[in-house]
Amino acid sequence: MGDRAGGWTDGWTDGYVGGIDYIRAFYRDWSPALLSFALTLRGWRPPDALRDGRFTMAELGCGHGLTSAVLAGANPQARFEAMDFNPAHIAGVRRLAGDGGLTNALFLEDSFAEHARRDGPPLDVAALHGVWSWVSAENRAILVDLLRRRLAPGGIAFVSYNALPGTLAHMPLRRLLVERCAEESGPLPERIERAVTFAARLAALGGGWFAGVEGVVERIDSLRGKSANYIAHEYLNRDWTAFYHADVVRELAAAKLEFAGAAVPMEQLDDLTLSPAAQALAAEAGDPAQAETLRDILTNRSFRRDLFIKGGERLSAAERRQALRASRFALLVPADDLPESASTPVGRLPFPRAVHGPLAEALAEGPQSLGALLARTALAAQGDDAVVRALVLLTSLGLVAPALAEDATGDRQAQADRFNAAVLERHRFDDAPGHLAAPLLGSGVAVSRIEALFLLAARQGEDPAERAWTHLSADGARLGRDGHYCESAEENLAELRRRHASFTARRLPVLTQLGVR
Numbered sequence: 001m002g003d004r005a006g007g008w009t010d011g012w013t014d015g016y017v018g019g020i021d022y023i024r025a026f027y028r029d030w031s032p033a034l035l036s037f038a039l040t041l042r043g044w045r046p047p048d049a050l051r052d053g054r055f056t057m058a059e060l061g062c063g064h065g066l067t068s069a070v071l072a073g074a075n076p077q078a079r080f081e082a083m084d085f086n087p088a089h090i091a092g093v094r095r096l097a098g099d100g101g102l103t104n105a106l107f108l109e110d111s112f113a114e115h116a117r118r119d120g121p122p123l124d125v126a127a128l129h130g131v132w133s134w135v136s137a138e139n140r141a142i143l144v145d146l147l148r149r150r151l152a153p154g155g156i157a158f159v160s161y162n163a164l165p166g167t168l169a170h171m172p173l174r175r176l177l178v179e180r181c182a183e184e185s186g187p188l189p190e191r192i193e194r195a196v197t198f199a200a201r202l203a204a205l206g207g208g209w210f211a212g213v214e215g216v217v218e219r220i221d222s223l224r225g226k227s228a229n230y231i232a233h234e235y236l237n238r239d240w241t242a243f244y245h246a247d248v249v250r251e252l253a254a255a256k257l258e259f260a261g262a263a264v265p266m267e268q269l270d271d272l273t274l275s276p277a278a279q280a281l282a283a284e285a286g287d288p289a290q291a292e293t294l295r296d297i298l299t300n301r302s303f304r305r306d307l308f309i310k311g312g313e314r315l316s317a318a319e320r321r322q323a324l325r326a327s328r329f330a331l332l333v334p335a336d337d338l339p340e341s342a343s344t345p346v347g348r349l350p351f352p353r354a355v356h357g358p359l360a361e362a363l364a365e366g367p368q369s370l371g372a373l374l375a376r377t378a379l380a381a382q383g384d385d386a387v388v389r390a391l392v393l394l395t396s397l398g399l400v401a402p403a404l405a406e407d408a409t410g411d412r413q414a415q416a417d418r419f420n421a422a423v424l425e426r427h428r429f430d431d432a433p434g435h436l437a438a439p440l441l442g443s444g445v446a447v448s449r450i451e452a453l454f455l456l457a458a459r460q461g462e463d464p465a466e467r468a469w470t471h472l473s474a475d476g477a478r479l480g481r482d483g484h485y486c487e488s489a490e491e492n493l494a495e496l497r498r499r500h501a502s503f504t505a506r507r508l509p510v511l512t513q514l515g516v517r
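Taking full-length UniProt numbering, the leading residue of the sequence shown gets 1, the next gets one more, and so forth.
Hints are computed from structural coordinates only; laboratory data are not their basis.
Here the structure is a predicted model, which is why all the values come from computation and not from measurement.
Treat each hint with caution, since some may be false.
Straight-line distance between alpha carbons at most 20 angstroms, and here's what the computed DMTMM-like set of lysine to aspartate or glutamate pairs gives [to be verified]:
| no. | residue 1 | residue 2 |
| --- | --- | --- |
| 1 | 256 | 336 |
| 2 | 256 | 287 |
| 3 | 226 | 190 |
| 4 | 256 | 431 |
| 5 | 226 | 487 |
| 6 | 256 | 430 |
| 7 | 226 | 193 |
| 8 | 226 | 430 |
Across the chosen pairs, the derived CB separations fall in these ranges [claimed, not checked]:
| no. | residue 1 | residue 2 | range |
| --- | --- | --- | --- |
| 9 | 406 | 483 | 55 to 61 angstroms |
| 10 | 225 | 430 | 46 to 52 angstroms |
| 11 | 347 | 485 | 56 to 62 angstroms |
Glycine included, every Cβ here is placed at the ideal spot set by N, Cα and C.
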């Protein structure tokens, strides 16, 4: 594909799409408290280093490195290494790390082969987001060997990948985009736009594959709203492989890794995706990897986020219960923003008001352990399982987050403040990075550009609406409300003042509680 595609996968890229940056994104899936919660739910003992904050973590194929940078900002006693073969990605994150005063993060411009030849300390966590599907079999073998040699006993690997059978239905779309981009000339973003338009024209004809695959027209429509950066890296790599879960398990077994469970807590609840009869059929498989693969077949799953453990220890039922009761949680949204229901693979799932009401009320007071929550009369009446289930759902939906133990907070605030100052400065010109370090969570929290500009103004003692408008107007931006744009500067300033009042009343208290300021 490299030659025909006009060189976007040639040379040093080793088949990976080049000439266009990957999207800037933060992934919370391997933040320490969330990892610990997901492992504990499945009955595994999390590495002690995750609890005391002195862990070593590697992100292999880090893109712009934003996840590692934010996590380093929120975890000053941990050590991070992140690598990517794209020099533009590494140059950018090194500048962010330098401006943010990060001394506990190393960002390396390496291929996987080059990185495997480096010496380094044992790893408590290794993260590979999407990489498994986007590299060659040779590179996967290099990664397996790296994990075998460097992941410490009890260490965790986060591995996400395109999964079968759900991805099968959309492989023709990828082929269509690849071939169309290869035939076109000009800058890659323009070729991608024309390829997506051509796919939409084909879909409009109906019939054939388009008629036989549910959701394909909607997927093509959704691509029109995606950036060329996203489409290039998700669809156009030379190596693009989807896997059955059992095959990934077999490959990683060579690194002495075994499947520990889904990284997303909600995906550990079979009853959200499978009927009782389907659960019984999956349970008939004698091999756990085959049972998990049967679940994917029954649900037509197209993407997996899995945790693997190297020599993990199982918790007894009593130890698991005690560990869960010690787990702390914090609200990420105002209490009255918790929904009454949520979309799940099996349809709309109602949230029982008898559980979620008292839970939101308690968490609005500040971070709470599960034990403290269950000591409240209204929640105790619902029972442990109902409250844990509610926290699993709310955590997976990004409405609640596991928080660090109280004795693990240490000097996190000072480093988070330094790092966040650099992040906020960047929002004067752009809406990225879009996440700030939250020391209470040891993770990141999303902020919009306008919210970041409000926080920046507060740090510098300036009028928030005027400061925000100075930067937004310089970019030619206008605000909208109720379907209409604000035309004059006065109208935009008035809208910004209205939004700042809402931000101060609702969003700022949540951010302050998380240590974001």
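Hint check results:
Straight-line distance between C-alpha atoms of residue 256 and residue 336 comes to about 46 angstroms, which puts the hinted pair past the 20 angstroms bound. With a C-alpha separation of about 17 angstroms, the suggested pair residue 256 and residue 287 falls inside the 20 angstroms cut-off, and the hint holds. Distance hint between residue 226 and residue 190 is fulfilled; the C-alpha atoms sit about 13 angstroms from each other, no more than 20 angstroms. Simply put, residue 256 and residue 431 have alpha-carbon atoms about 41 angstroms apart, too far for the 20 angstroms limit, and the pair is violated.
The suggested pairing of residue 226 with residue 487 is violated, with an alpha-carbon distance near 27 angstroms, which exceeds 20 angstroms. At most 20 angstroms may separate the alpha-carbon atoms for a hinted pair to count; residue 256 and residue 430 exceed this at roughly 43 angstroms. A hinted pair counts as satisfied when its Cα atoms are at most 20 angstroms apart, and residue 226 with residue 193 qualifies at roughly 10 angstroms. Under the criterion of a C-alpha separation no larger than 20 angstroms, the hint pairing residue 226 with residue 430 is consistent with the structure, at around 18 angstroms.
Range check, residue 406 to residue 483: about 46 angstroms between beta-carbon atoms, so the 55 to 61 angstroms window is missed. Checked against the hint of 46 to 52 angstroms, the C-beta distance between residue 225 and residue 430 comes to roughly 19 angstroms, which is inconsistent with it. The hinted range of 56 to 62 angstroms is not satisfied by residue 347 and residue 485, whose Cβ atoms lie roughly 37 angstroms apart.
When held up to the earlier numbered hints, the structure conflicts with 1, 4, 5, 6, 9, 10, 11 and fits the remainder.
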